[in-house]
Amino acid sequence: MGADPLTIAGLSRALEARETTAEAVVERCLQRIAERNAALNAFITVFGDEARERARAADREMAAGRRRGPLHGVPISLKDLFDVRGTATTAASRVREHHVADADAPSVAALRDAGAIIIGKTNLHEFAFGTTNEDSAFGPARHPHDPNRSPGGSSGGSAASVADGMCFASMGTDTGGSIRIPSAVCGLVGLKPAFGELSTEGVVPLSGTLDHIGPICRSVEDAAILYDVLRGGGVRPTGKPIDLRALRLGVARGYFMALLDPQVAAAFDAACERLREAGARLEEVSIPHVGDVAAIYLHIVLTEAAAYHAKTLERRPEDYTPNVRIRLEMGRYVLGEDYARAMRGRELIRREVDAALEDQDALLLPTLPIPAPKIGAATVRIGAVEEPVRNVMLRCTQAFNLSGHPALSLPCGSTTDGLPVGAQIVGAAGDTPGLLRVAGAVESIVAARAAAHAGYLGPGGSR
Amino acid sequence: MTVKAWLEMAMHDAERRGLPELKPLLEALARATSALRTAEWNADATGDAALGPDPGSPSTPLGASANPLDSARGKADPGRGR
Chain D
1 MGADPLTIAG LSRALEARET TAEAVVERCL QRIAERNAAL NAFITVFGDE ARERARAADR
61 EMAAGRRRGP LHGVPISLKD LFDVRGTATT AASRVREHHV ADADAPSVAA LRDAGAIIIG
121 KTNLHEFAFG TTNEDSAFGP ARHPHDPNRS PGGSSGGSAA SVADGMCFAS MGTDTGGSIR
181 IPSAVCGLVG LKPAFGELST EGVVPLSGTL DHIGPICRSV EDAAILYDVL RGGGVRPTGK
241 PIDLRALRLG VARGYFMALL DPQVAAAFDA ACERLREAGA RLEEVSIPHV GDVAAIYLHI
301 VLTEAAAYHA KTLERRPEDY TPNVRIRLEM GRYVLGEDYA RAMRGRELIR REVDAALEDQ
361 DALLLPTLPI PAPKIGAATV RIGAVEEPVR NVMLRCTQAF NLSGHPALSL PCGSTTDGLP
421 VGAQIVGAAG DTPGLLRVAG AVESIVAARA AAHAGYLGPG GSR
Chain F
464 MTVKAWLEMA MHDAERRGLP ELKPLLEALA RATSALRTAE WNADATGDAA LGPDPGSPST
524 PLGASANPLD SARGKADPGR GR
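From first to last, the protein sequence lines stand for chains D and F. For the first sequence, the numbering used here gives the first residue as 1, with consecutive numbering after it. For the second sequence, the numbering used here gives the first residue as 464, with consecutive numbering after it.
Okay, chain F solo, but in the shape it has when bound (with noise of 0.2 Å):
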């Protein structure tokens, strides 16, 4: 589902729920979906390596020790976000 027509979908099913104060909090997700999904480091069934690091095997413990060789440095765009 594009974000258009799930933005669409969610509005209508607010309205019908008696809930128009979620709309300008659905705008603005789907603000944030949209970036989520245009975001470089997305999977690509293509399997092309270019878009970015793999972010591996979800088995891997968050805040486990990380090899360093298997950071993203080096692929990602280092000026984005400053």
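Chain D with its partners taken away, still in its complex shape (with noise of 0.2 Å):
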């Protein structure tokens, strides 16, 4: 992989070697914020004044030898659901407007400790609780590309603020798909790792056996080193590349083909093809109840999600956004026996999830059906059905949260309108480094350089 200054990896070269300060990329950085956050509604806090004195210590600590690694002097943001000290975790709600963090979240520690430089902390749909931005305390986030459309969630945010250019990588949260969906509709490379892998303390929780945290970033490589840093270093996947035409890929078509957009069903089939032309071999698998997933997610989010909003709800139900209050006022509802069928369910769809990954590296499906959607858009059309936008943008990616298993989003190619297109990778269970070295293979064949729709401008000035 050459020195692309557009990611972490590249920066981290051209910090290496003297051709940038930190100082002078978080000033640009803080700059592009300055110039186009007014647009695009990506951040709620900007911490310009410490990050510019974070990046003159990175700075003078590097000059004097002292390197952490690849992540230091790098600008990161973070979703607003993770706490950083003496600062409000909003979750884009006015019910936490008076929350100040007592600690950085042990992520967020781990992210300073490599030298990662917090740039501010970034829109979200309120309590992570939808997958458009759209219904947050502070408005909706937009995305880089058209700012009528939403650039997904519920990470919107963070995927707007990589993708056009504001920092390098952004920490998100996934409980049904909102690191993957965000990162599919703006162009980027987005991982869930495991379950249970990366701490979730001092993170907003919306259904506490669900939620996953991982990194939003423009390449396999930087989504490595960040997954590296937060789980303590020494796990980045290292050796020799995977030989494409030793790659095994399950095709889960069926269900998670069935109501996709031509566009993206196009650009999904592309990406196979270019696959099978390299040598990788591609089988078709199924995950037979995965027709129930749906039924199986909702009862389990809604339960864990209104249990921890119950008491806000009965003090407080003003100060949510309507849809969102309503949604969990829905979970009020769902009766224990039902919750326990769920669970039942899903332990079925973890151990089809690992029958369809027996004789694979891992399976290979789109991340969502559509591309971006309008802001707005209760339902959309695929083909002669009308769906609402909230089941369609689930569908591919919330059977990996009930499973467990490590997944991640890819750029693969991109509508005629140029909105980008995402395809899902998921890895065997509890393998999060085997997923991303089978996802770097994959990527230099099919993916569409998610610096393709960054407006950053690199550290030599170019694009």
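Label pairs and their in silico Cβ distance ranges:
hint, chain 1, residue 1, chain 2, residue 2, range
1, D, Ala377, F, Asp476, 25 to 33 Å
2, D, Arg13, F, Glu503, 53 to 61 Å
3, F, Pro483, D, Glu27, 46 to 54 Å
4, D, Gly139, F, Glu471, 33 to 41 Å
5, D, Arg231, F, Pro487, 42 to 50 Å
6, F, Ser497, D, Glu27, 51 to 59 Å
7, D, Pro262, F, Pro487, 23 to 31 Å
8, F, Arg494, D, Glu284, 26 to 34 Å
9, D, Arg68, F, Asp476, 49 to 57 Å
10, F, Glu503, D, Leu335, 15 to 23 Å
11, D, Gly139, F, Pro487, 19 to 27 Å
A partial selection of chain F residues facing chain D, derived with a Cβ cut-off under 7 Å:
hint, residue
12, Ala473
13, Glu484
14, Leu485
15, Leu488
16, Leu492
17, Ala495
18, Thr496
19, Ala498
20, Leu499
21, Ala502
22, Trp504
These are calculated hints, taken from the structure and not from any lab test. Using N, Cα and C, we set each Cβ at its ideal position, and we do this for glycine too.
From these two lone chains plus the hints, build me the complex, please.
Below, the structure written as structure tokens:
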């Protein structure tokens, strides 16, 4: 991989070679935020002065030969669910307007220890309970490519901030697809590691048994760098790249391809064809009860979210956005026996995903069935069918929150309007490093470069 | 409680609480609950094995490596959901 100044890996090499400074990079990101945030509404809070100060400190450290690693001096944003000591974790809700975090979340502390510069906190669908980022106390975040469209959600501000060149990566959360969906919609790489691998402490929950944290960035290599830091080091995939001629990918069609925008289907099929031409073996696999996933997921996420919000729903219902409030209220009616049924179904799905992976290195499927939806659209037409946007957007991702398998979205093409399309790769249970190796191989063949959609001018001042 | 009885109770409660906008969502939830309850993999106290695989011990860690031999393959309808 070459020294791409738009990626963390490329920037890191430029910083190491003293071709630029952390201060200059941070300044350029802050300038981009100043120019573009009014249009995109990606950031809720910007830590301008603190970021400048930390960038200067990083430059001093690196000049003195104390380089902490590839994140040293790299500007990163955080979805505003992550605690940063001394600041509000708003969750994009008025419910949290008086909150002040008394400590950094462990994931934030790990990023800081690695030298990352936290440049600000990004907009999201209120309490991460939605896929479009439209319901936010701070107003909707908007797609960098077309401000009339959603950047996806719930980590929509995070994806917009990276795709527009306001920072080099962002930390998101993923309960049903909230890292992978905005990554796909914005032409980025989004990693949901295996369930339970990364601490969710200090991160506002949505659904405790489904929540994951992970990075949104511009390349699989960057995702590996961030994953390694968040895991505490020593797990970054190394060694020989995967030989594509030995790569076995299980293509999950059926349910996942039954409701697909024709242009998304065309981009995904073309990506599959390029992989075949490169020598990968693609074989159709099935997850027999995947048709039950939506009902299973709904009963779990509603119940767990309602339990977390019960007190504030009673005391301050008017402080929620209307749509999020009403969805949270719905969860208060789920019966215990149905939650138990859903948990049983979830275990079945986990086993079926394991079975589908049995003879494969990974599964390959679309990340979401549509390109970025228009802001305000309640439904979307796919062929002859009119479907609720939310249901469609979660369709390909939520199964792997239920199963806990690691999953990653990477760009694999675009529509005729230039809207990015994402492909999702699902790794073996508990093997996020293995997933990253496979994703690196797939990226080398299919990835439409995320940077093509970035407005950021790199350290050298060129695209 | 049947789904029908549950829905009537929930709709009445939503009305009482001044949340009529909740009603269509409750109807959608009722459809999802019906689907969940009629799924072939639900537990049955008769022990009828034909209903599908036992999800196993609740202590099984999610994301942990599973023995392929305990998978549900072959027991479920392979055409379902496709």
